[in-house]
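**Q** Residue-level listing of the chains:
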Amino acid sequence: MTAVYEPCYDSWEETRGAEIIAEHAGQEGATLVILHALQEAFGYVPEAAIPMVAQALNLSRAEVHGVFTFYHDFRHKPAGRHVLKLCRAEACQAAGGDALAARAEAKLGVSLGNTTADDRVTLEPIYCLGLCATAPSAMLDGRLIGRLDEKRIDALVAEARR
Amino acid sequence: MNMKIFIPRDAAAVAVGADDIAVAFEQVAAKRGLPVEIIRTGSRGLCWLEPMIEVATPKGRAAFGPVGTEDVNSVLEAMASNGPHALRLGIADEIPWLKRQTRLTFARCGVIDPRSLDDYRAHGGYKGLERAVSLGPDAILNEVTASGLRGRGGAGFPTGIKWKTVAQAKADRKFIVCNADEGDSGTFADRMIMEGDPFLVIEGMTTSGITVGATKGYIYIRSEYPHAVEAMKAAISAARRGGYLGDKIGGSTYSFDMEVRVGAGAYVCGEETSLLESLEGRRGLVRAKPPLPAHHGLFGKPTVINNVLSFAAIPFILTEGAKAYADFGMGRSRGTMPIQLAGNIRQGGLFETAFGVTLGELVDDIGGGTFTGRPVRAVQVGGPLGAYFPRALFDTPFDYEAFAARDGLIGHGGIVVFDDSVDMRKQARFAMEFCAVESCGKCTPCRIGSTRGVETIEKIIRGERVTENLALVEDLCNTMKFGSLCALGGFTPYPVLSALKHFREDFAPAPTTLQAAE
Ligand SMILES: Cc1cc2nc3c(=O)[nH]c(=O)nc-3n(C[C@H](O)[C@H](O)[C@H](O)COP(=O)(O)O)c2cc1C
Ligand code: SF4
Ligand code: FES
Ligand code: FES
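Protein sequence lines correspond, in order, to chains W and C. The first sequence runs 1 to 162 under this note's numbering. The second sequence runs 1 to 518 under this note's numbering.
No lab work stands behind these hints, which were simulated from the structure alone. Mixed in with the good hints, there may be bad ones.
Said to hold, decoys possible - Here are some of the chain W residues that sit facing chain C, going by a computed Cβ distance under 8 Å:
# : residue
1 : T31
2 : A95
3 : L129
4 : R147
We put the CB at the ideal spot given by N, CA and C, even for glycine.
Excised from the complex, chain W in its bound form (with noise of 0.2 Å):
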């Protein structure tokens, strides 16, 4: 019923990269807020971005590329068509997270954390989405999955690699 949704990022341009970090250069602290929106538009952060972010900052380049590093949502290259993560943090584990996360890698033929090589499914753990009473979790693309099972997990798979 859900149809299929289908993130969709430019492709990396140097003027578009500049008119991004210049939009949110002007606020306080702004390393975070210009990754994100780095990665909103591109899916992921581009090399070529962080000299761009240290000059628009006056930083250096190795402070942004720390920053960039610290934290695990900023990607270093595009993931796959359809990023599927799996919740597992402790009440998912509870809840039957575990057998869960090992059906779908198995489904897949990638552990988590890794990308199906025709490049459509990325799978990734998260730990924890707050969704912890109607556990085990997922989130597809943005979309948010709760009361995981068998079946469940299978369909979202599916629609993963589709």
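Since the structure of chain W is already known, use the hints to place chain C with the ligands on it.
**A** Only chain C with the ligands this time, still in chain W's reference frame:
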């Protein structure tokens, strides 16, 4: 007259189909020519009944749940005719699970439209701020202090003292920061209140600004909470339009404005100094204290940093008075705690109640045991840094000191229930692994100790020199406890040592491999 139907837009309800249900209600109603008005609310917190849909009746709002798309036709029929239905739960306010709570902070959550400033005001919103404005900073401080409110983010530090320190600091700028990083597994109260009653958080932060003389606030929300980010942003815009943020708020002489900042998936950024670093645009490295954030906080300026629930408790305290809040609770834990029941639990959700309720009541009675129907074996209280409690400790009352006395913590009030299929070696290993992955890297005991901890527990799991390795784990835990700068390294030993202590049988040396040679 339009039939008023209330459907939650809370992420937990949406994750089990609430958006689809809302669409279905509109379609079915249109097809049948029934005039309906659909109002999207927060969640009442009875998560096992989500999506829980309500309809306005002369006797109050009647609830139905859990409603699937296939039920929409018949539920709408029952609503229109006030007839019976298998999913009918009675008048929402009378549902025992809700009725036995003391909802001071969550009174409006699930009731009002979180996008509507008018609805908020119609339900008592901004009364606290009005009184705060008439009282002035000193008298507000007295109220907050007298309420006995302690920080709900985990450490339980008295909020009044924190605010007073910032109020007394002299500086050209001061900041209010709301910690909405809520990284603990098993917790979702911050998320629920941001999605279900966001103006409450804004009102609490605004009151804090008036009290300490700060005109700018930030709410740092974890990126795993896109719905909460959206709800807070919408509420901030609405509050600004309504004159409740910006210059001369609510017609007073005070000014205060705030904005949302989004985290980037680092658990340690929930630690207050790491959060401030992150807000400043840096790596989330924990700062050594002193100096306290109250003196040198955001951008080096005096800063109040409190958890979402701490700010959210403030409007009630100012509206009803400190005593009305402090009358609830036990010992030095005053007021109510929004407790979150999670994991393998039959009736999971948000249960706000006065301090003093026992762990056993919460898990067995209120939570109804496990949804797998198997016996409860272990519960982790207080997130990934909290201890695992066995049934033998179920008489522990929910109170900061009582949990500490039993080598545990209540943290942010999350309770994760496990049945008897749990392998406590796995849980101990996970605690160490989580610490290793999330460590900010500043201190060796946390960074290296946790990695060694994972390796050592893996050896125990494989049955290698179990007794020696168990002693090594205990040693590592002690080093981490006493040699770590913050509670990530310092408290990871809680889940590990509690697993070892209360569930020792899981760690018993495996039968010697000689058997295999038979
Ligand atoms: C590793 C770590 C993670 C934390 N995560 C959070 C969090 O997600 N939310 C929170 O409010 N406090 C968290 N804290 C506690 C904060 O450091 C701080 O005590 C709290 O924000 C103070 O607010 P309060 O007095 O209102 O509780 C964390 C602490 C540590 C050590
Ligand atoms: S204990 Fe861990 S997370 Fe905390 S400051 Fe030290 S290294 Fe960083
Ligand atoms: S632990 Fe999985 S959603 Fe909270
Ligand atoms: S910084 Fe304190 S132990 Fe390393």
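**Q** Work down the list of hints and note, for each, if the structure agrees.
**A** Structure-based check of each hint:
1. For W/T31, the shortest C-beta to C-beta distance to chain C is roughly 3 Å, which falls under 8 Å, so the interface hint holds.
2. Given the 8 Å rule on beta carbons, the hint for W/A95 holds: about 5 Å separates it from the nearest Cβ of chain C.
3. Hint on W/L129 holds. Least Cβ distance to chain C is approximately 5 Å, under the 8 Å limit.
4. At a threshold of 8 Å, the smallest CB-CB gap from W/R147 to chain C is about 6 Å, leaving the interface hint in force.
Every hint, counting from the list given before, is met by this structure.
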